[in-house]
Amino acid sequence: MQANVLTAPKAGEQGRRRPAGGDAMRVSPSLPDTGFLRLSDIVGRKATKKSPAVRGIYPVSRSTWWQMVRDGRAPAGVKLSKRCTAWRVEDVIALCEGAEAVQKRIVGAQP
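Sequential numbering of the sequence shown, starting at 1, is according to the working numbering.
Among the clues, some could well be false.
Said to hold, decoys possible - Dumping the calculated DSSO-like pairs for lysine-lysine here, alpha-carbon to alpha-carbon at most 30 Å:
(1) K104 x K79
(2) K82 x K104
(3) K49 x K82
(4) K46 x K82
(5) K104 x K46
(6) K79 x K50
Keep in mind the hints are simulated off the structure, nothing from the lab.
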C-alpha cells in the first residue's frame, strides 16, 4: 500500500495542498480556502438515473459521518436553514489532514 504524500500546488494553481497517489483521503485542489460544504460534498453520493456517482473527500458513509459529529470526532455543522446543514471548509480540511497524519504514522509503524 502506497503512503499518501502531500505535495504543494504547482505555480499558478489555487486551492489546498493535494495528495500524490494513494486512495486515502484526498483534499481536492479545487476546494476554496473558506466557505461551506454540504454532506454530499464531504462523503460523496451514489449514482442515480439522472446523475453519476460523486466521490467524497472523506470516505465514510452518511450515518458514520453523523455519528462522528455526535461523538465530537468530526466538526459540528452550521445550520443554514431548518433542513440544511453545512460544514466550514477549513474544519473539514483540518479533519482530513489530521487523518492523513494518523494514517502515515500507522503505515510507517508497520514492518
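Status of the hints after comparison with the structure:
A hinted pair counts as satisfied when its Cα atoms are at most 30 Å apart, and K104 with K79 does not qualify at roughly 33 Å. Simply put, K82 and K104 have alpha-carbon atoms about 39 Å apart, too far for the 30 Å limit, and the pair is violated. Between K49 and K82 the alpha-carbon distance is near 28 Å, which keeps this suggested pair within the 30 Å criterion. Only pairs whose Cα atoms come within 30 Å are accepted, and K46 paired with K82 is accepted, the gap being roughly 24 Å.
Restraint check for K104 and K46: the C-alpha separation of about 29 Å stays at or below 30 Å, so the hint holds. With a C-alpha separation of about 28 Å, the suggested pairing of K79 with K50 holds against the 30 Å cut-off.
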